[in-house]
Amino acid sequence: MSGYDLDAGDAPPVPLPEAAPSRLARWRDSDLLASFLGSKTAMAALIATVLMVGLAFASSWIAPQNPYDPAQLDLINSNLPPIWQADGQAPFYLGTDDQGRDVLSAVLYGLRLSLIVGVLGVLTSGVLGIALGLIAGYAGGALDTLIMRVADVQLTFPAILIALVVDGVARASFGGALDVGPLIGLIVVSIGLSFWVQYARTVRSSVMVEKGKDYVQAARLIGLSPPVILVRHVLPNVTGPVFVIATINLALAIITEATLSFLGTGLPETMPSLGTLIRTGNRFLFSGEWWIVAFPGLALAGLVIAINLLGDWLRDALNPKLQ
Amino acid sequence: MSAYVEVTDLRRRFDVSKPWLNRVLEREPRKFLTAVDRVGFEIAKGETFAIVGESGSGKSTVARMVVGLLPPSAGEVRITGISMTDPRQAAARRRMRSRIQMIFQDPYASMNPRWRVGKIVAEPIRAFNLIQGEGAIRARVAELLGLVGLHADDSKKYPHEFSGGQRQRVAIARALASQAEFLVGDEPTSALDVSVQAQILNLMRDLQDRLGLTYLFISHNLAVVRHMATRVGVMYLGRLVEVAAARDLFARPRHPYTRMLLDAVPDLAHVGRARVPVSGEIPNPIDPPPGCTFNPRCPLANDRCRAEVPALLDGVACHAVQEGRA
Amino acid sequence: MTEKILSVRDLTVAFDTRRGPLTAIDRVSFDIHRGEILGVVGESGAGKSVTGAAVIGLIDRPGRIAGGEILLRGERIDNLSPEAMRRVRGRRIGMIFQDPLTSLDPLFRVGDQIVETLRTHTDLSGRAARTRAIDLLAEVGIPAPERRIDGYPHEFSGGMRQRVVIALALAAEPELIIADEPTTALDVSVQAQIITLLKRLCREHGTAVMLVTHDMGVIAEAADRVAVMYAGRVAEIGPVASVIAKPHHPYAVGLMGAIPTLSQEAARLSQIPGSMPRLTAIPKGCAFNPRCPKVFSRCRVERPEPIPVDASRVACHLYDAAERAA
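Residue numbers (the working numbering), protein chains in the order written: chain A, 1 to 323; chain B, 1001 to 1326; chain C, 2001 to 2326.
Hints are computed from structural coordinates only; laboratory data are not their basis. Where a beta carbon is used, it is the ideal one built from N, C-alpha and C, also for glycine. Wrong hints could be hidden among the right ones.
[To be verified] Which chain C residues face chain B? A few, computed with CB under 10 angstroms, are given here:
{"#": "1", "residue": "E2139"}
{"#": "2", "residue": "M2160"}
{"#": "3", "residue": "V2218"}
{"#": "4", "residue": "Y2251"}
{"#": "5", "residue": "P2260"}
{"#": "6", "residue": "E2265"}
{"#": "7", "residue": "S2297"}
[What the hints assert, rightly or not] In silico negatives: residues of chain B with every beta carbon more than 10 angstroms from chain A:
{"#": "8", "residue": "V1016"}
{"#": "9", "residue": "T1034"}
{"#": "10", "residue": "E1042"}
{"#": "11", "residue": "K1045"}
{"#": "12", "residue": "R1078"}
{"#": "13", "residue": "M1102"}
{"#": "14", "residue": "E1123"}
{"#": "15", "residue": "R1231"}
{"#": "16", "residue": "D1248"}
[To be verified] Here chain C is said to cover these stretches of chain B; the calculated rule only asks that three of the stretch's residues, wherever they fall, bring their Cβ under 8 angstroms from a Cβ of chain C:
{"#": "17", "stretch": "1199-1209"}
{"#": "18", "stretch": "1251-1263"}
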C-alpha cells in the first residue's frame, strides 16, 4: 500500500526549520540510532565486537605472556589445563600448550593478528572492487562487459581456492622463507583478490542507478569530467551498501585467513593467528588437551558471529526494503 | 533578427533491440525507436518557447539534445550561431557551455543529497571559474539564493531539509549561478503541488523579466504552457505537428491533434461538462502507424494521411489543413 | 433528499511514531449520497488519500482510527473485525487506484480476476459469472470483450487497463466506490475518457463515488460536490460549481487562483506563501493561519468549526456571525 505510506506519500514537505541541526543532533535523531537501540541482538553484537577488538589491541599490556617471544616460553609449564581444573595454575587461566605457551595470551595475540589481516583484506578488496565497479558502471560498453565477465569467471571459483592459488604462486616464486611482514601482505592480497567481485557488482549497479539521476546530469551540464563526477557525486551516494558488504566480508575475510593458516599456508607457528592455533591444537584433541584447540576456536566463532550479526542488522537498517 | 536557438531537422533513434544472443536465438531483427523525427524550430532571445505533448511524444528527448546531454542521431542545434555538434566549433562551444542550463522535473533527484545547498549552488561558479576567492563565492551564493526567494542562511542546509518547491528554487539558483541566459525546463513544476507550482511559475517569469532569460519550457500541462509560453510547439509521437504563437494556438488550434488535446484537458472552467471524448490511445512508438502518426485517431484521415508523412508547412503538419478540409 | 450512502463523522486518524502519535486526519466529516460523486481534493500532505484508506479499512500499523465513526447506509463499518471488513470491501465498497498496472495481478487473465471477484461476493455460477464479466467489460467500453476477457493485463494499454479496474470495482454492484487518483497515471486524452466513463456508470448504477485527486480540473468535470482538505482537515465542502467559482475559505481562494487555466490568460498566478505544514508541526488554532492573508488573533488560538455559508460549509472564523457583526 505505497499510496498510504506515511513517509513517502503523505508526509508533508518540510517547512523552514529555524536553524540547520548540528551533525550530532541529526545523528541522535536518526532512524539508524533508533533501530540500533531497538535491536537487542545488534547491541549485544556490538558490545561483543568492541570487547574483543579492545582485548585484542590491548593484548600487549594485558596478556600474561608474549606468545611470539620464545624466551618467555618454558617447557616446564607445558600442557597445563585451565585454572578451574585440578592441575591448573595461575597465571595460565586457560591452560598452556605443548611448548608451555599460555593459551589466553595466544588467543589474544591471535585475535589481533586475525583482525589486522581481516581489516586489511577487506580494505584491499573494497578499494579494488569499488574502483572497478565505478568504472564498469559509469563507462558501460566493452569495458563494463570485460570487467563483469572477469568477475563472473572469478565467482565460479570458491574464494578460498583463489586465495590458495595466489598464496601458492607467490610462495613458489619467492621461495619458502618469507618474513612475517611480507607474509601478512601476501595473505591480504589473496583475500583482496578473492572478495572484490561483490563490491564491484554492487557498486556497478548502484552507479548505473545514480548516473541516470538528474544531479549527475546537472554535473555534466557544468562541464565536469567523468572521473570528477564519479568521485565527487556518485561515490558518496553508493557507500551505504558497500558498508554493509564490508562488515559481512570482514567476517568472511577472518575465516579465510583462519582457513589458510589452518591449511598451513597462512601464518607460521612462531607467530600464530587463530587459524594457526586451531591447526596446532588439533593434534592434541585426542590426547585430552582439549583447551589448546577449544579456546582459539571459541574466540574465532564468537568474533565471526558478532560481526555477522552486526552486518545483518546494518543491512536491514540501511535498506528497509530488503526485510 | 536571427534566432537565439535554431534547431534543424533534429532526429534521435534509440536502439531498443534485445541483447545480441537473444536476437540470434529468437531470430529477431534489431529494433529501433524513433523518439524524435525531423524536428525543427527557432527560439528568439528573451522569449519562452514551449513544447507540449503527452508521454512518448519525444519532448524530453528534444530538451536533452538541445542542452547537449544527448547527441542527436541527425540534424543540428545551433545556439547564437554556434553548433552544439560540429567538432570544429568545440572551443566556442566550451565558452557557451555556462550559458545553457537545465531545470529538471524532480527536485528530489536533481541535487546531490549529501551536499549542502551552498556547495551545490557554488559548484557551477567553481567549475567555470567565474569568481575567485571563498568570500566572494559565498557572497554570490547568498545573492543567488536571495534572487530565488530563499535566505542566505539556507546555504547551510541539506536538500532534504527543504520542501519540493524550495528545492526547485535551489535548482534555479544553481542554474543561474553559471550566468546562464538560456534555461531549459523539463517539466519543472509537474512534481509540485499547484500552490507551489504557482510560486515557481511566477518566479520563473519574474527572473525572465529581470535577467532577460530565454526559456525552452517542456510540459504536458497545457494550462501551464498557456500561462508561460510566447510560442508553442505541439509534439505527437516524435514529430512536431503544430507551431504557433501561444495566443493563436489556444484561440484557434489548427491540427486535429491540438484540437483534441485542448478539448480533452479537464479545466476549472468546465464544471460538469458533458462531452464525447476522442477515442483511442497513443500507439507504441516502436511501431508507429505509417503516414501521419495521428491518422488512426484522426476524424479527418484519408488514404493520403495513411501513406504520406505531412510536412510542417506554415506552422502545421496536416494534410487536411493544407488541403482545406479542416 | 436522496439516500445517504456514506457518512463520515469526526473521523480522526493517528500514526503512532516513536516521538508520539501524529494526527494525519483530524475530525473530518462529510456525506456522500446515492449517485453522487464527492471530490476530495488537496495538495500532498492534506490527508486525502489517508481519508480514502480509512473508509475502506486499509489503515495499516502504525496508523489507526483514533476517533469518530464511518457509517455505510447507517451501519458502522469503522469498528468491524478485519474478516467482516474484508466482506464489505469488494462487495459493498469498490476500489480504483492510481496505477492500473499494480492493481491487476499480472499472472492472471483479466476475465479470471473479474470472475473471481464475482464468485467471492455473489452467488453466480462459473458460467454465469463469465457472462457477467463479458457484460461488465462491454459496459466499461472494452472492444470485443468476449475475446479480450482471456487477455493478460500487459496486453492492455494504460487506459484499457484502468477500464478493467473499473469493471472489477463494479463487479459486485457496490454501493460506494473509492477512486484514489484514478486518472493521474494516464495521458490527458485518456483521462477524459475515464472521467466520462466514471460519471456515466455512477449515474446509471446509482453508485456513490469518493473521488480522491490533487487535480482540480478533474474534480471540476467529474464531481457534484467537493471537499477541499488542508493539513488533515476539511477547509471547505460544497457544490463544485460554487466552490470553484466562488470559494470562501482563504485556502480555497488561494488554491483556485494558483491554478492556471486554459480559458483566461493571467499575468500572474495568485500564490500562497510557504507550504503545507508537517504532521509534526501543525499550527495551533486554524492550521492555515501562518499562510493566511486574512488571519486575525482568534485564528491563532481557536480551531474554526465548519459553518454553513451559502451552499457550502466553511471552516473559517471570517464567516462566523459574531465576527461578521463586529
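Tested hints:
Annotation: E2139 of chain C was flagged as interfacial toward chain B, and the flag is violated, the nearest CB pair being 16 angstroms apart, outside 10 angstroms. With a least beta-carbon distance of about 8 angstroms to chain B, the hint placing M2160 of chain C at the interface is held under the 10 angstroms criterion. A distance limit of 10 angstroms between C-beta atoms decides the matter here; for V2218 of chain C the minimum to chain B is near 5 angstroms, and the interface restraint holds. Proximity of Y2251 of chain C to chain B holds as hinted, the smallest CB-CB distance being about 9 angstroms (cut-off 10 angstroms).
Interface hint status for P2260 of chain C: upheld, as the beta-carbon distance to the closest one in chain B is roughly 4 angstroms, under 10 angstroms. With a cut of 10 angstroms, the hint placing E2265 of chain C at the interface with chain B holds, because the nearest CB-to-CB distance is about 7 angstroms. Because the beta carbon of S2297 of chain C sits about 25 angstroms from the nearest beta carbon in chain B, more than 10 angstroms, this interface hint is broken. No beta-carbon of chain A comes within 10 angstroms of the beta-carbon of V1016 of chain B; the shortest separation is about 16 angstroms.
Every C-beta of chain A lies more than 10 angstroms from that of T1034 of chain B, the closest at about 21 angstroms, which supports listing it as non-interface. The Cβ of E1042 of chain B sits about 22 angstroms from the closest Cβ of chain A, beyond the 10 angstroms cut-off, so the non-interface label holds. Every C-beta of chain A lies more than 10 angstroms from that of K1045 of chain B, the closest at about 20 angstroms, which supports listing it as non-interface. Every Cβ of chain A is farther than 10 angstroms from the Cβ of R1078 of chain B; the closest lies at roughly 18 angstroms, confirming the non-interface assignment.
Not every CB of chain A is more than 10 angstroms from the CB of M1102 of chain B (nearest about 6 angstroms), against its label as outside the interface. Remark: the non-interface label on E1123 of chain B conflicts with the geometry, its nearest Cβ contact in chain A lying 7 angstroms away (cut-off 10 angstroms). The Cβ of R1231 of chain B lies farther than 10 angstroms from every Cβ of chain A, with a closest approach of about 24 angstroms, so its non-interface assignment holds. Every beta carbon of chain A lies more than 10 angstroms from that of D1248 of chain B, the smallest distance being close to 33 angstroms; the non-interface claim holds.
Chain C is given as covering the stretch 1199-1209 of chain B, and this holds because 4 residues of the stretch bring a CB closer than 8 angstroms to a CB of that chain, at least three being needed. A count of 4 residues in the stretch 1251-1263 of chain B with a Cβ less than 8 angstroms from any Cβ of chain C is obtained; the coverage claim is therefore met, three being the minimum.
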